[in-house]
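**Q** The task is simple: from the sequences and hints, build the whole structure.
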Amino acid sequence: MKTTNKNKKLYIIILAFVLITIVVYAFPFRKIEAPVVKNVEEVKNVISTALEENKIGSPSLSPELKYKIVSRSVVVPEDIKNKTKAILLTIDDGPSSHTKEMIEILNKHNAKAIFFINGMHAKDYPSIIEDTYKEGFAVGNHTWDHLNLRKATDEKIIEQEINKNTDLITKLTGSKPRFFRAPYGDSNPHVRKLVKDAGMIFMDWSGTALDWEKSTIEKDVFVGNVMRNIHNGSIILIHEHPWSVANLDALLIDIESKGYTYVDPKDIIE
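Quick note: the sequence shown, position 89, residue 81 per the numbering used here, numbers continuous.
It should be emphasised that the hints constitute simulated quantities derived from the structure, not laboratory data.
Glycine is no exception: its CB is placed at the ideal position from the N, C-alpha and C atoms.
Watch out, some of these pointers could steer you wrong.
To be verified - In silico lysine to aspartate or glutamate, EDC-like type, Cα no more than 16 Å apart, as pairs: (1) 77 with 256; (2) 92 with 123; (3) 92 with 241; (4) 168 with 122; (5) 58 with 256.
To be verified - What follows is a set of in silico ranges between Cβ atoms, one per label pair, in the way DEER data are often shown: (6) 102 with 262: 22 to 30 Å; (7) 182 with 65: 17 to 25 Å; (8) 184 with 112: 20 to 28 Å; (9) 245 with 76: 18 to 26 Å.
**A** Listed below in structure tokens is the structure:
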């Protein structure tokens, strides 16, 4: 009986040894581990790429943060349950020597904006357009020469004003502009159709600093012009004037004190 038990134990030990040997040689641990590490690195790269694309000029991955432009002058959340008080900042007539300072102020407040640029200024500040886009701001089409499109009678000139600026923005940023604003806010059905056919969102405004008036050099006047009519969904218009830059920080402080946040243009859908 004892001999039989010993034989059984010996048999079990030998069988266990054989099984371990088969596992070790048939499935080497190093070969099992290497693909796992590789897959983790691939996942990290995919996530990193997605985050980077989301940061610069691509639509947000968060569906609850989507917005639409209504009546060309109001920004509203796609989800009606979204009760966030938000406004959209837009800055016209760049690029200029003031663009970088405006971006610094906006970044200080974690605020995004659309910079509507004119191609005629780009020859003096081409790198600023690239930098604006890389900083996460939208670069919009404001025509090449700031031409009053409603008064223009030559359709070819109108198309050239729009398309030439689109080509420039695309060349400098690597992305076609998504937004268009007509100079002086003047347009007509033909212009709006051209813009729509080009895949851009036509945008006016619902609040402005009136900073083409010299009285807005005064901070209280500049800020007051905006805050007097501000409301949830306001699209605010300012320009790249020296006094606009000087008063921008005060304006953003006042906007935030009223509980407003800033819509990121990348979260605007058609």
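**Q** All the hints need checking, so say for each whether the structure fits it.
**A** Hint check:
Only pairs whose Cα atoms come within 16 Å are accepted, and residue 77 paired with residue 256 is accepted, the gap being roughly 13 Å. Straight-line distance between C-alpha atoms of residue 92 and residue 123 comes to about 9 Å, which keeps the hinted pair within the 16 Å bound. In summary, the hint linking residue 92 to residue 241 is supported, as the alpha carbons are separated by about 14 Å, within the 16 Å threshold. A C-alpha spacing of about 13 Å is found between residue 168 and residue 122, which places the hinted pair at or below 16 Å, so the restraint holds.
Of the pairs offered as hints, the one joining residue 58 and residue 256 holds, with about 9 Å between alpha carbons and a cut-off of 16 Å not exceeded. For the pair residue 102 and residue 262, the supplied restraint of 22 to 30 Å holds, since their beta-carbon distance comes to about 26 Å. For the pair residue 182 and residue 65, the supplied restraint of 17 to 25 Å holds, since their beta-carbon distance comes to about 20 Å. The supplied range of 20 to 28 Å is met by residue 184 and residue 112, whose beta-carbon atoms lie about 23 Å from each other.
Taken as a hint, the range 18 to 26 Å holds for the pair residue 245 and residue 76, whose Cβ atoms sit roughly 19 Å apart.
In the structure shown, no violation is registered for any of the earlier numbered hints.
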